[in-house]
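S.K.: Those sequence lines, one after another, are chains A and B.
For what it's worth, our numbering labels the leading residue of the first sequence as 21, then goes sequentially.
For what it's worth, our numbering labels the leading residue of the second sequence as 12, then goes sequentially.
Some hints could be false.
[To be verified] In silico BS3-like pairs for lysine-lysine, Cα to Cα no more than 25 Å straight-line: (1) A:Lys266 <-> B:Lys274; (2) B:Lys101 <-> B:Lys133; (3) B:Lys133 <-> B:Lys92; (4) A:Lys273 <-> A:Lys323; (5) A:Lys31 <-> A:Lys195; (6) B:Lys310 <-> B:Lys274; (7) B:Lys74 <-> B:Lys92; (8) B:Lys275 <-> B:Lys341; (9) A:Lys61 <-> B:Lys274; (10) A:Lys31 <-> A:Lys61; (11) A:Lys195 <-> A:Lys154; (12) A:Lys61 <-> A:Lys273; (13) B:Lys275 <-> A:Lys266; (14) A:Lys195 <-> B:Lys275; (15) A:Lys273 <-> B:Lys274; (16) A:Lys273 <-> B:Lys275; (17) A:Lys332 <-> A:Lys273; (18) A:Lys61 <-> B:Lys275; (19) B:Lys213 <-> B:Lys101; (20) A:Lys332 <-> A:Lys266; (21) A:Lys31 <-> A:Lys323.
[To be verified] Taking CB as the label site, the calculated pair distances span: (22) B:Glu148 <-> A:Gln285: 30 to 38 Å; (23) B:Pro283 <-> A:Lys266: 32 to 40 Å; (24) A:Pro316 <-> B:Thr112: 43 to 51 Å; (25) A:Ser304 <-> B:Met111: 33 to 41 Å.
[Said to hold, decoys possible] Computed footprint of chain A on chain B, listed as stretches where at least three residues anywhere in the stretch have a Cβ under 8 Å from a Cβ of chain A: (26) 78-92; (27) 157-170; (28) 247-259.
The set of hints was computed from the structure by calculation and includes no laboratory data.
Given the structure is predicted, the values throughout are model-derived calculations rather than measurements.
In this text, a Cβ means the ideal position worked out from N, Cα and C, and glycines have one as well.
Listed here are the chains, written in short residue letters.
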Amino acid sequence: MSIFLELENLKTHFPIYRGTIFRRQIGSVKAVDGVNLQVRKGEILGLVGESGCGKSTLARTIVQLIPTTQGAVILEGRNLSEISRAAVRAERVNFQMIFQDPYASLNPRMTVYDTLAEAIQTRQQIDKKLLLEKVGRLMRTVGLPANQMRRYPHEFSGGQRQRIAIARALAPEPKLIIADEPVSALDVSIQSQILNLIARLCREMQLTMIFISHDISVVKYISDRIAVMYLGRLVELGPATEVVEKPLHPYTKALVSAIPIPDPQVERRRQRIILQGDPPSPMSPPVGCAFHPRCPYAIAACKAQRPELEQKESNRFAACIRVGEI
Amino acid sequence: MALLEVENLRTYFYTRGGVVRAVDNVSFTLEQGETMGIVGESGSGKSVTCYSLLGLIPRPPGKIVSGSALFGGVDLLNCPKEQLRRIQGKRISMIFQDPMTSLNPYMRVSDQLVEPLLVHDKMSRSQALTRAIASLEEVGIQDAANRINLYPHQFSGGMRQRVMIAMALISRPEILIADEPTTALDVTVQAQILELIRQRQKDLGTAVIFITHDLGVVASFCNRVNVMYAGRIVESAPTDEIFARPMHPYNASLQQSIPALHKKGQALFTIPGLPPDLTIEFRGCPFASRCAHAGEICKEQDPALKQIVPGHKTSCIRFQRGEIADVRIKNFVSAV
């Protein structure tokens with residue numbers, strides 16, 4: 021498969037200032053700090069990590085909602101970090117986002133028709149009749165009755181609103197969709213409906229998607245490959261099932277073992293790795309491997325040098341110097 | 012005798028849109044030292060049940076329409092305010108989902124921690140402070156003697172939840188109500204907090220009512236589970252039984268829709284439709300319209316929780332009548 025999106029040593033730092041008159045920079049939050057990643061066409065890439073690890077910043081940097089500090093975002097051979105803001109705007113019909121909270125991400129004063137029609141017209145100006153037809157088709161695609169297009173978001177339930185948000189993302193026929201925790205705010209029974217919908221759409225429409233979540237079991241279910249992020253860097257990358265079932269990096273191991281499994285018998289048997297402490301601050305990440313203060317396998321060498329994401333097995337990458345030993 | 016005995020609890024909210032029957036005829040018992048889970052989706056009435064016990068329902072619009080909750084000979088729902096106040100935060104305490112909004116941002120942690128001791132135990136301030144520092148150490152906060160003087164925003168999310176737990180357990184309560192205490196936390200921190208609650212529970216012999224929507228947490232944490240739907244308990248059983256032998260279609264459907272238990276590429280099971288509007292009075296089982304096993308009788312007869320085998324109760328009428336043996340749904344077409 022061809023490479024569709026490529027991130028080259030991508031960095032997004034937020035400066036921190038102090039003082040009002042003699043304003044000076046006293047440091048920076050390294051939200052994304054050197055990410056290399058390739059996304060293939062038609063692939064669903066899952067991105068997992070804890071809050072504050074930089075998943076959302078990475079997503080927003082890819083779509084250039086936040087400017088890159090260093091490195092490059094290359095979409096189909098064009099470097100988005102180098103082109104002008106106007107050009108980025110024009111390019112944006114090609115990548116759309118779905119957000120976590122469907123209550124906040126839809127404009128309450130716009131009907132579903134207005135919302136979807138606006139999104140369709142970012143790609144091309146079309147006449148009203150065709151527009152009406154297109155909106156109707158979009159609504160049916162996401163499992164909503166087309167006769168409800170004149171309603172406002174508050175007339176829909178949470179799950180239905182998320183369907184509208186998905187329809188809006190599909191409207192400009194984008195090449196890449198970034199879904200930022202699209203099912204985290206939904207109840208279990210609604211969550212499964214939306215996951216089914218996303219899986220079906222991706223299959224039928226050959227969508228390329230980056231699916232961000234903190235829930236590794238959801239990501240395992242939906243995605244082809246998983247990238248695990250810790251403190252602004254990728255620590256593991258590989259095929260979804262393998263990453264979850266045979267994690268290489270100690271952080272992935274801990275993350276997988278921390279998820280409670282809805283089966284009491286499995287729960288009793290399994291060994292749990294409980295990490296100590298909280299993730300460190302991205303303002304002053306630890307020297308060496310960022311995970312070493314919480315890592316049960318850390319040795320002196322882990323403090324000395326920051327490990328790079330390296331190929332450990334075919335298709336599998338990890339940023340840990342002790343992968344073979346543990 | 013059971014530590015807490017709740018019977019026929021009904022909590023209604025009288026709103027402009029009509030009467031919301033948030034909790035409708037809920038009965039359960041809690042034994043000394045056990046961990047009882049209440050699971051359900053949002054709006055199922057799990058939090059309102061527990062708020063009712065502690066008198067935390069805002070009235071109006073809320074009103075406890077009927078019921079009793081016997082705790083050591085006192086009916087929590089019908090006792091004088093003064094009596095309830097001596098129990099709240101002393102013998103029954105509570106931790107909430109979001110530790111940032113449930114701690115007072117204007118007060119130092121020390122002041123918030125000693126408050127229950129000053130109010131309930133009439134301790135001197137210095138005595139209370141020593142106890143507070145010890146309690147922070149017990150929940151794994153290092154350098155407690157200094158950090159007790161910080162404000163809540165100076166702690167991380169996981170640490171704040173530790174402070175909340177320390178505060179709830181400082182008066183050594185007999186019952187701890189935990190309302191989704193780990194939902195706002197990351198999984199690795201969630202594992203720490205669950206372990207901590209388990210540890211403290213073992214030390215103090217506290218009974219825990221654990222409210223959650225996460226069946227995974229229930230499986231690892233609770234001895235017994237009540238499944239709630241539309242303001243009622245639809246199934247109640249020991250944790251192993253709930254998962255191994257579900258007796259209510261709602262419980263089974265909920266378990267079947269979890270991605271963790273699915274193979275890749277297999278469509279997830281989905282429950283059709285939406286939970287009922289609780290402002291509209293209806294007859295029969297609240298789950299009937301979404302249930303694959305529902306028959307005519309489900310829409311006509313009001314269900315009641317009945318024991319099938321010792322310790323395992325279900326409110327499914329057709330299961331009670333022996334018309335269905337397995338409530339799991341075998342062949343299904345998933346909605347998308």
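S.K.: Hint numbers the structure violates, sorted upward?
M.R.: Violated hints: 6, 12, 24, 25, 26; rest satisfied.
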